[in-house]
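Asks: Listed below, chain by chain, are the residues.
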Amino acid sequence: MRFTAIAAPSAARTALVTVASVVAALLICALVFRLAGQAPGLVYGTMLRGTLGDPTGLAEVGRRTIPLLLVGAGLALAFRAQFFNIGAEGQLLLGAVFAAGTALFVPLPGPLLLPVMFAAGFVGGGLWALIAAGLRRVNVNEILSTLMLNYVAVALVTYLIAGPWKGKDVRGYIYTDTFAPAGWLPTLGGTQVHWPTLVLGVLLALGLQWLLTRSTFGYALRVVGENPGAARYAGLSSARIATLVALLTGGLAGLAGAGEVAGIHHRLLEAGQISLGYGFTAVIVAWLARGNPALCLLTAPLMAVILAGGDLLKIDLNLPFRVVDVFSGVILLCLIASEVFVRHRVQWRGA
Amino acid sequence: METIVIEALVRALAVGTPLLLACLGAILNERAGVVNLGVEGLMAVGALAAFAVASASPDASLWLAVGAALLAGAALGAVHAFATVTLRANQFVSGLALALIGTGAAGLLGKKFEGLPLFNKVPDWTLGSFTISPFTVAALVLAGLMAFWLSATRSGLTLRSVGENPAAADVLGVNVGLVRVLAVLGGGALAGLAGAFLALSYRSSWADNMTGGLGWIAVALVIFVGWRPLRAIAGALFFGFLFYLQFRLQGNSGVPTEVFSAMPFVLVLVVLALAGLRGQAGDAPAALGRAYVRGER
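Chains A and B, in that order, are what the protein sequence lines are.
Residue numbers for the first sequence follow our numbering, beginning at 170 and rising by one.
Residue numbers for the second sequence follow our numbering, beginning at 2 and rising by one.
Don't read these hints as lab results, they were simulated from the structure.
The model shown is predicted, which means the values in this text are computed figures rather than measured ones.
Any given hint could turn out to be false.
Heads up, simulated DSS-like pairs for lysine-lysine below, C-alpha to C-alpha not over 30 Å straight-line [unchecked claim]:
id, chain 1, residue 1, chain 2, residue 2
1, B, Lys122, A, Lys335
2, B, Lys113, A, Lys335
3, B, Lys112, B, Lys122
Chain A is nowhere near these chain B residues, computed Cβ spacing over 10 Å in every case [as the list claims (entries may be wrong)]:
id, residue
4, Ala57
5, Asn91
6, Leu99
7, Leu110
8, Val175
9, Ala221
10, Glu259
11, Arg291
For each residue, glycine too, the CB sits at the ideal point set by N, CA and C.
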């Protein structure tokens, strides 16, 4: 097998390879379902009918699109700068913690509460990511540090809801008191789609795309990501870019966390209930979008179908929710393994 | 007092065993220049393969179960090797995908084994007043062998040259791709073995998420021990001791449980930061994490 580099791969080629790799991933997953004793047709049928086929299902997809869009758009930016933030899960949780702390303990006039909760969420998520950016300066790989911080964030949430923040009237279960109604986001009639966060996500995804392609900061970010040597020569500090990128991505994940508690749960509760694996799934959202925040407007709903579908498989076919991990992992693997076919022509014979 | 010390040591060795095995596996492929962050997933499939074979019947062979774990780890490792060596995919992201696939597939396919008893767990060896798992002894011996092999044999040197300077190794006639593939397969098999220890000896049961983050700690441990197999013994013992403390102090110290569950991960961060400040990250094989393409530097 021999690869010949293509100087400027066309958009059509990129799109074709991306679609082909997702199809390959779905075929591989079908094989796994067969091994697990489920007919792949039934599995995919259940997922599609229950998500895109009825209004309730669509609302469930919408609900999951919101955090995936916010987190994914941020990660798209981070990956362009070669900052491999895998800790969005933890940053989202910290956002939820900061937003819940604000709602529960900060006396604010009603109309101010929600904006301050979201600002606090941004700060919480951003600070959590800044730890990783700081550690990167002493040569700690950010993939490892952000992952470790995920585990720490889960422990922190559990500690708060079981300990100092435990609700007054809560017996047996662990969660905080319910927020005052001023801290609740409005939802689209009868669903859990908290539309203000969705609007925020759309605006931020477009804004980040603008930042990336049209601003000086975005230019510096792309240079640092694509050619670190040239960046150094041009006097661009990759450490400073990494810090800013960490703050932005972590902050966006924090906003997603604030949205989940203000829009759906109205209290702080167990980590596994706040985030349904949004942090990892958003990695794929960003990768599918090939580092373009605006394209996350397409890829976030796509992955939301898989997350919502995973829930259905749990209920309808009694499959463990782990199927979502298999989906995510296989899609991610096929995506990055196919990258070579975007930039290279392949000749199968001769060495 | 003496019994407490011995108990602590025995427990630290027990928890340290999967860490040591997985860490040795990671050292093997990283010395050849390939990072595999998928250790957690490799361990999970190893554990499932071992448990599935061992629980097939009351007199199923334990050797067969261990063999299945080695194979399962190597098979998932082969996916990583194909993606990163043949297709030159990003090693870090491929490893992450592998971790998801491994833990996900193990949880999915292993569901039917949840809560089942294991008829034939690997019997511990009795040494005087305490017991030790054969896996622990095997892990210690393997660490010694690997240290010797890497530093004193020709094939060990070849492996290291591929991780340090693949272009030079290529010029000398070494098949860089093949060495890397073999190293990743071997690393995967060792991670699978770490999983087999959990399923057949330490917990002797199957549960989803039974690896509980040990694989990630093993990945971090490699940096902490500077890619050296003998130091890995000390590193694994250290973290094994931390887990023992977590178990020991839980509930009767007045400190919230969550502090202990977060402690190993916080300590990994502290330890990595210290290793980085001391410049130890500079001990990494020079070509670590980079695909080798002939004609490019």
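Asks: Compare the structure with each hint and give your call.
Replies: A quick look at each hint next to the structure:
1. Taking the CA atoms of lysine 122 of chain B and lysine 335 of chain A, the gap is about 42 Å. The hint is violated against a cut of 30 Å.
2. Taken as a hint, the lysine 113 of chain B and lysine 335 of chain A pair is broken in the structure, with Cα atoms around 36 Å apart against an allowance of 30 Å.
3. Restraint check for lysine 112 of chain B and lysine 122 of chain B: the C-alpha separation of about 20 Å stays at or below 30 Å, so the hint holds.
4. No beta-carbon of chain A comes within 10 Å of the beta-carbon of alanine 57 of chain B; the shortest separation is about 16 Å.
5. For asparagine 91 of chain B, the shortest C-beta to C-beta distance to chain A comes to about 5 Å, within the 10 Å cut-off, and the non-interface label is violated.
6. A Cβ of chain A approaches the Cβ of leucine 99 of chain B within 10 Å, the least distance being about 7 Å, so the stated non-interface status is violated.
7. Here leucine 110 of chain B does not stay apart from chain A, with its beta-carbon only about 6 Å from theirs, under the 10 Å limit.
8. For valine 175 of chain B, the condition that its CB be more than 10 Å from all CB atoms of chain A holds, with the nearest at approximately 16 Å.
9. Residue-level check failed: alanine 221 of chain B sits 5 Å from the nearest beta carbon of chain A, not beyond 10 Å.
10. With a minimum CB-CB distance of about 4 Å to chain A, glutamate 259 of chain B fails to clear the 10 Å threshold, and the non-interface call is violated.
11. Non-interface status of arginine 291 of chain B relative to chain A is upheld: no Cβ of that chain comes within 10 Å, the nearest being about 13 Å off.
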